[in-house]
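Protein chains: 2
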Amino acid sequence: MNLSFFSDKITAALAQQRYGAAPEALYEPIRYIMALGGKRIRPLLTLLGAHLFTDDLDPILKPAIGTEVFHNFTLLHDDIMDQAPLRRGQPTVHEKWNANVAILSGDVMLVRAYELFLGVRPELLATVLRKFSQTAAEVCEGQQWDMLFEKDEQVSIAQYLDMIRLKTAVLLGFCLELGALLGGASAEAADHLRQFGTDIGLAFQLRDDLLDVYGDAATFGKRVGGDIVSDKKTFLLLTAQAQANAEQRATLARHIGQPTDNAEAKVQAVRAVYDELHIRPQTEALINQYFQDALHHLERVPVAAERKEPLRQLALQLMEREN
Amino acid sequence: MNLSFFSDKITAALAQQRYGAAPEALYEPIRYIMALGGKRIRPLLTLLGAHLFTDDLDPILKPAIGTEVFHNFTLLHDDIMDQAPLRRGQPTVHEKWNANVAILSGDVMLVRAYELFLGVRPELLATVLRKFSQTAAEVCEGQQWDMLFEKDEQVSIAQYLDMIRLKTAVLLGFCLELGALLGGASAEAADHLRQFGTDIGLAFQLRDDLLDVYGDAATFGKRVGGDIVSDKKTFLLLTAQAQANAEQRATLARHIGQPTDNAEAKVQAVRAVYDELHIRPQTEALINQYFQDALHHLERVPVAAERKEPLRQLALQLMEREN
Numbered sequence: 145m146n147l148s149f150f151s152d153k154i155t156a157a158l159a160q161q162r163y164g165a166a167p168e169a170l171y172e173p174i175r176y177i178m179a180l181g182g183k184r185i186r187p188l189l190t191l192l193g194a195h196l197f198t199d200d201l202d203p204i205l206k207p208a209i210g211t212e213v214f215h216n217f218t219l220l221h222d223d224i225m226d227q228a229p230l231r232r233g234q235p236t237v238h239e240k241w242n243a244n245v246a247i248l249s250g251d252v253m254l255v256r257a258y259e260l261f262l263g264v265r266p267e268l269l270a271t272v273l274r275k276f277s278q279t280a281a282e283v284c285e286g287q288q289w290d291m292l293f294e295k296d297e298q299v300s301i302a303q304y305l306d307m308i309r310l311k312t313a314v315l316l317g318f319c320l321e322l323g324a325l326l327g328g329a330s331a332e333a334a335d336h337l338r339q340f341g342t343d344i345g346l347a348f349q350l351r352d353d354l355l356d357v358y359g360d361a362a363t364f365g366k367r368v369g370g371d372i373v374s375d376k377k378t379f380l381l382l383t384a385q386a387q388a389n390a391e392q393r394a395t396l397a398r399h400i401g402q403p404t405d406n407a408e409a410k411v412q413a414v415r416a417v418y419d420e421l422h423i424r425p426q427t428e429a430l431i432n433q434y435f436q437d438a439l440h441h442l443e444r445v446p447v448a449a450e451r452k453e454p455l456r457q458l459a460l461q462l463m464e465r466e467n
Numbered sequence: 145m146n147l148s149f150f151s152d153k154i155t156a157a158l159a160q161q162r163y164g165a166a167p168e169a170l171y172e173p174i175r176y177i178m179a180l181g182g183k184r185i186r187p188l189l190t191l192l193g194a195h196l197f198t199d200d201l202d203p204i205l206k207p208a209i210g211t212e213v214f215h216n217f218t219l220l221h222d223d224i225m226d227q228a229p230l231r232r233g234q235p236t237v238h239e240k241w242n243a244n245v246a247i248l249s250g251d252v253m254l255v256r257a258y259e260l261f262l263g264v265r266p267e268l269l270a271t272v273l274r275k276f277s278q279t280a281a282e283v284c285e286g287q288q289w290d291m292l293f294e295k296d297e298q299v300s301i302a303q304y305l306d307m308i309r310l311k312t313a314v315l316l317g318f319c320l321e322l323g324a325l326l327g328g329a330s331a332e333a334a335d336h337l338r339q340f341g342t343d344i345g346l347a348f349q350l351r352d353d354l355l356d357v358y359g360d361a362a363t364f365g366k367r368v369g370g371d372i373v374s375d376k377k378t379f380l381l382l383t384a385q386a387q388a389n390a391e392q393r394a395t396l397a398r399h400i401g402q403p404t405d406n407a408e409a410k411v412q413a414v415r416a417v418y419d420e421l422h423i424r425p426q427t428e429a430l431i432n433q434y435f436q437d438a439l440h441h442l443e444r445v446p447v448a449a450e451r452k453e454p455l456r457q458l459a460l461q462l463m464e465r466e467n
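Same order as they appear, the protein sequences are chains D and Z. Counted the way the numbering used here counts, the first sequence spans residues 145 to 467. Counted the way the numbering used here counts, the second sequence spans residues 145 to 467.
Worth flagging that the hints you see were computed from the coordinates, not collected in a lab. Ideal Cβ positions, reconstructed from N, Cα and C, are used throughout, including at glycine. A few of these clues could be false.
Stated by the list, open to error - Away from chain D, derived, C-beta distances all over 10 Å, residues of chain Z:
(1) A166
(2) K183
(3) R256
(4) E259
(5) L273
(6) S277
(7) Q288
(8) T395
As the list claims (entries may be wrong) - Here are the computed lysine-lysine pairs in the DSBU-like style, where the Cα-Cα straight-line distance is at most 35 Å:
(9) K275(D) / K275(Z)
(10) K452(Z) / K275(D)
(11) K240(Z) / K295(D)
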């Protein structure tokens, strides 16, 4: 069974999903953001996590969609906070409507996400909702750290990795654990899958940091160097700052956090420091380490290797993606 | 047993409640808004609803606190949308911190509210969470209608009553139903209590509209006439507009929605029209009608009258309140 088998199920379930009728101003933004697309990685992970243990995927679809609704809720509110004008190339909800609509539609999306979990087997409901709630709070904590780091002078690499773990990775871990539990996994197997997902999530976010600087403009989809232009404290920048000699430190200080009317020159200067310090291979090494840790956890899940194939395939795609 | 017995339990439970540690910028605003006080009507209704059927209130406390956390989440986000500078006489969260903090702290409060319900008996969990989720979505719908009505030229009295039902009343109904179900009520008895709570909620909100115009400045706590100054389409204004003769209509049109540098004169002119049209006794009659409907539902709950005494007492307090 290849990945498109699972993707198609998710696409069909999303197309059938209803969020509410009136007032239109509350529910239309939800339909809008859910229709913007995306890779649907989270529900895919839930289905693949369940598929390891069962062929009966229909009961998994609603909770899987719940993870996607939750993820889009976080995008909707994050876009307000980040004052982002575009999401997947289209106007963000707060731009197309206004911030109040975006706050309130986001709130009701979080409620709908919870509702999508309510059909799980009664004996699993409290466990699933406790894990989801903890994950949801951690995602909020990650977003708050991310905003705090924008202003902080000093952010350590450990703090940064913990931030991306909370903001991005724990949700991927939850999606897999959710699928595993609903598919009938033991608590131990589900926990290995959670750790697999978290490690993949960390690798995924570091890949994002890397693509921003070293991606191919033709395939990346966003402007290459955007993180550098906006002075974002990524793994690359924090590592460079930690390893720079006096001269390199001065170059970075001349560009990062300073106004510029030549963004291209800024990107080139910072990237030149990265190149001197071998930041790219260092980042690739860390990505690979997380990826190997992830595979190690997958190996310890006691099911036949062939059932793990779609999940391994997805993980590989996420590691090798160019956008 | 008098009301303070129940209030004291809630105060103690709220004092023990923890919301999270780090980042401080995420959790301190939650502790702040929860410490601003208020009448704690919602958890009180939940305890009183349970008390009709059981003396074992300890398992009810966490879900009861959940209703208060949810209510304060809605206040936090509503205050951003309404750009309110003060809440219970203190700076609102978005004023004291900023809008981003208020959005994100509110989000995590909604998650914490759900978590507080997760300890209910497994056989009731899905039912309770379905009812809570429906209520939460309705509260968002009510807030969206409220914002839409600010811009709408024409709002009918029926639309207004439906808006306050969604925004305020359904949550009071849910709080009672929740308590009843957790206390062991039949579905039918719990439903009567829900309707009791919804009717009390409608009466409560209309009392709010009335106090704004006819309250005693010394006891009201807010500036009397604030709704008139801000052109708020309350039950009083909509009724007056519906019943006004040509001259009264012209008086209202001269003041409502028009800039003024004499707020006091505006309040007096609009109130004079209200007086001519007997808006006060009409509003009191509707409040009383909802109150009687509420009591009718309470009567149909099959428990001894003396157990209903604290609930009847609270309802009466809410009807007779001066602030």
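Verification of the supplied hints:
1. A166: The assertion about A166(Z) is violated, with a minimum of 7 Å to chain D.
2. K183: 24 Å, holds
3. R256: With a cut-off of 10 Å, R256(Z) comes too close to chain D, as the shortest Cβ separation is near 7 Å.
4. E259: 5 Å, violated
5. L273: Incorrect as stated: the minimum Cβ-Cβ distance to chain D is 6 Å, not above 10 Å.
6. S277: 5 Å, violated
7. Q288: Non-interface label fails for Q288(Z): nearest chain D Cβ at 4 Å, not farther than 10 Å.
8. T395: 32 Å, holds
9. K275(D) / K275(Z): Judged against 35 Å, a Cα distance of about 21 Å means the pair holds.
10. K452(Z) / K275(D): 38 Å, violated
11. K240(Z) / K295(D): Roughly 18 Å separates the two Cα atoms, so the pair holds.
When each numbered hint is compared with the structure, violations occur for hints 1, 3, 4, 5, 6, 7 and 10.
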